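> Chain A is already provided as a structure; the job is to place chains B and C on it using the hints.
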Amino acid sequence: MEQRGTRVALGIWTALVVLFLWIPLALIAVYAFNKSNVQSWPIPAFSTHWFHAAWTSEVRTSLWLSVRVGLIATGIALVLGSMAAFGVARFSFFGRDAISFLLVLPIALPGIVTGIALNSAFVTGHINLSQWTIVVGHATFCVVIVYNNVLARLRRSSPSLLEASADLGADGWQTFRFVVWPVLSTALVAGGLLAFALSFDEVIVTTFTAGSQNTIPLLILGYIRLGQQLPVVNVIAFAMIVLTTIPVLLAQRLMRDTGVLRRSAGNVTEAVESAQVTAV
Amino acid sequence: MIRIRRAHVLAAAFAAALCVPAVSAGSGSGLPTSVGPGEGQLNLIAWEGYTQPQWVKPFEKATGCQVHAKYAGSSDEMVTLMRQGGGTQYDGVSASGDASLRLIYGHDVAAVNPALIPDWKNFIPALKSPPHNTVKGVHYGISLQWGPNTLLYNTKLVKPAPTSWSSIYSPKYKGKVTVPDNPIQIADAALYLSKAQPSLKITDPYELTSTQFNAAINLLKKQKPLIKKYWALASDEIDLFKNGDAVIGASWPYQTNTLQAAKVPVKDEIPKEGATGWADTWMISAHAKHPNCMYKWIAWVSTPKVQAQQAIYFGETPANPKACPIMNKLSPGSAAQYHCGASASYFNSIKFWKTPIATCDNGQNACMDYTKWQQAWTQLKG
Amino acid sequence: MATSLDAAEGLSHRPPGRPARAARLRLSGLFWRHSWAKALLLLAPPLLAFILVYLASLAALFISSFWTIDPFTSELKHVWNVDNYRTLWQTGAYHSIALRTIGIAAAVTLTDAILAFPLGYFMARIASGRSRAFIFVAVLLPLWSSYLVRVYIWRLILDDKGVLNWALEKVGLPAANLGYSNWAVWLIFTYVWLPFMILPVYGALERIPDSYIEASRDLGAGGWTTFRRVLLPLALPGVVAGSIFTFSLTLGDYVTPLLAGGASSQFIGNVVYDAINTQQTPFAAAFAAVPLAVMGVYLLIARKLGAFEAL
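Chains as they are written, first to last, in the working numbering: chain A, 1 to 280; chain B, 281 to 662; chain C, 663 to 973.
For the record, the hints were derived by calculation from the structure and aren't laboratory data. These numbers were taken from a predicted model, which means no experiment stands behind them. Among the clues, some could well be false.
[Stated by the list, open to error] Straight line, CA to CA, 20 Å or less: simulated DMTMM-like cross-link-like pairs of lysine to aspartate or glutamate:
hint, chain 1, residue 1, chain 2, residue 2
1, C, Lys700, A, Asp167
2, B, Lys475, B, Glu549
3, B, Lys436, B, Glu549
4, C, Lys739, B, Asp649
5, C, Lys832, C, Asp822
6, B, Lys552, B, Asp484
7, C, Lys700, A, Glu163
8, B, Lys585, B, Glu340
9, B, Lys481, B, Glu553
10, B, Lys452, B, Glu549
11, B, Lys652, C, Asp732
12, B, Lys416, B, Asp641
13, B, Lys436, C, Asp822
14, B, Lys481, B, Asp641
15, B, Lys454, C, Asp822
16, B, Lys481, B, Asp649
17, B, Lys341, A, Glu58
18, B, Lys337, A, Glu58
19, B, Lys439, B, Glu549
20, B, Lys631, B, Asp641
21, B, Lys452, C, Asp822
22, B, Lys631, B, Asp484
23, B, Lys475, B, Glu553
24, B, Lys652, B, Glu357
25, C, Lys966, A, Asp97
26, C, Lys700, A, Asp97
27, B, Lys631, B, Glu549
28, B, Lys652, B, Asp641
29, B, Lys543, C, Asp822
30, B, Lys652, C, Glu737
31, B, Lys631, B, Asp649
32, B, Lys652, B, Asp484
33, B, Lys652, C, Asp745
34, B, Lys631, B, Glu553
So here's chain A without its partners, still in its complex pose (with noise of 0.2 Å):
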């Protein structure tokens, strides 16, 4: 369709915006192997002598808070941001867009305004820093991706859906595991894993709801901070590259669209569905 020309040059430019986004990650694999604790350039001398350095306590400690972390305020996320889409979509009342805006405002807002005003709040009402306030800070920007993943689909689903799955006689229970939960399924595993994702790395709103627990993204701050293991840094960085190649293996052949909606000429309806929905 489009010229040939265009086609490479555009093929080009895709495979140098990649190439930018993956040669300073190359740099932290290299210089995960670096043996002198002091980063420099070219690096003198080569070991694999961190890999082991960094599988200590403490790093394992913090890894599964991070997990454990991530799970819940994602978990959180899941149960009232889908609550919160299904609101939004399907039903339409004064305040509703409102309400659509202030769901968006954790993600919009400095993450160091999050930050100053949960630990505030914290410690004015003396409620001591832990775990659970690290969960509370990061289920405020979880809750707002797994809501606007789940807000699209719905958006693209037609709302007669549920109504036909009534008409037929399913109760609401019957309609969720029959009807909904196969429409939104993808989107909130896509929507879990990005908010699982950013969790996983937050280190600002961290920075101020965390108490003297570390997670992973702090654990390397106070790493980068005492520069004496900063290969360390890097293998972790290297290992979870490698070890998140998988999930996000998956989640894109979860989110792929096969492209039928756009190929297909004489589908209409569908086309002017979903214009109307990226104009409004």
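This is chains B and C only, laid out in the frame that chain A set:
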């Protein structure tokens, strides 16, 4: 609205109830007379390099107190951290002299009984009851170590070797200078001016009238175009020197040790105008959850061996002079290098960090308080 | 399909006294008739949690911007005043910090949009299924490596003796003096937030039906005109949605300027962070109102441009 307030009150009451057992151990009616069994955990706020596994692991083994350290890069951060969660978050802090008084007057730290620290009686006299941790005869902490803020330079690229602080204020090394990102740096500028511009009559670099203060700020403004980066983390300065972005700057001995270990040609020194410095104290939180572990920790780091280990690692001077021979055993010549057992005159030549307050030494209220220092520093960086 | 039909048929044959299902049906009917009840049940928990936790603490924070602190003990004093805002308004240094923050945020957004759009187009409309999957994973994976480590590696790349200068030297070009400067900060932000811009742009471009492009060609428009008058307007919501991320994430960040900035690279976030660390909460809250106001305006504009549907 009512809902929030009630929850507020309930939460506060609940937290207050939790605090009661901890309070009885530390402050309040009287000092503890003995150290009970360890509580199994210890949460500390420390400078980078103060809780190395070298001396933490033996402590954990001997007492069963698992140590969790949160690093802070400035005294301000330490004060903030100590106040989190109503003060129950951390058990102790290695506060420098410019944070300790703020913590004492803010009722964040408890009085300590020096008799419970066996090595305290061996400390150098100047650090047994110094004014930055002892108020009206009551001790609020036990001195730890002390050291100077040094002039660090690359021996290959900075020739001849500098002898004065003027080298970081002159355009000779424009774009390759680095100084700490800390409002207390204004005192360093004031210290230099006390010798370079005697007409200003600066006697104490932490007590500056507005004329003296403005002169220091002007000097720092002239310095700004020379600065590559204001280092906030020790590792920042290490990276700057290692990778050639800076060749001269103000530093701690910790950076010198790390760079020299990585074979970077650097040296540090105290220039002829003298230096500012820091004297650190381990203080116990007024609401510490693990006070026994804290006492055990303080006793441990006051022993000669640990004092020597920490002094060599960080590049500072122990408060316990019995550590000097051990330092020489671990690293020959280190005792002299880090002024272990130095004379009182050397100690007095260092202008230790302390919180600037509005009341000058002469009793008048004409000096600039720390809030003004902080604001001026932020505005200077711009 | 068969399942629900069977269920429907089964309903009429079920013994009348089946209590659980009958109760559920009655409940469903109730919610159907009083849909507001269902809406309330769905929206109440998330909204309450949100209002109680998030909005209340935000409100409390901004109320404290009208108070002061005791200079020595740093305790919060409930003395109402506008000194903090007056200081912000009158001191030139804070103006330049705010302008720098907003300026770099805008520059980062623009750069990311320019980088992302052709890639999104390629991914959505030209690439085959497998290439698309590959590019998708390639774009998404960097989000999973630590943000801090990515910033730190860029610092190493841009160092005076870092990878970039080493490479430039090998090709005979003069060394770039990018390390520890606002250029470095702009570059790093562009790098770190790029995936956040690519995803919504790709989503928006993917949803444009082929028939639109074909119709545009049929009506005689060349490639550039089609791009300008058909593609760009339809993809704009996606670009704006992505820009919400890049703009707000840059606006509120303090870590990158702290690690990789130079002597004059303070962001609003750094001043707020320093103020919080020195217990000057009222001043921090006052300065934090600036990015809040900027984002408020930005979001209003974004909503008008339809970005919320494209998030």
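> Among all the numbered hints in the text so far, which are the ones the structure does not match?
none
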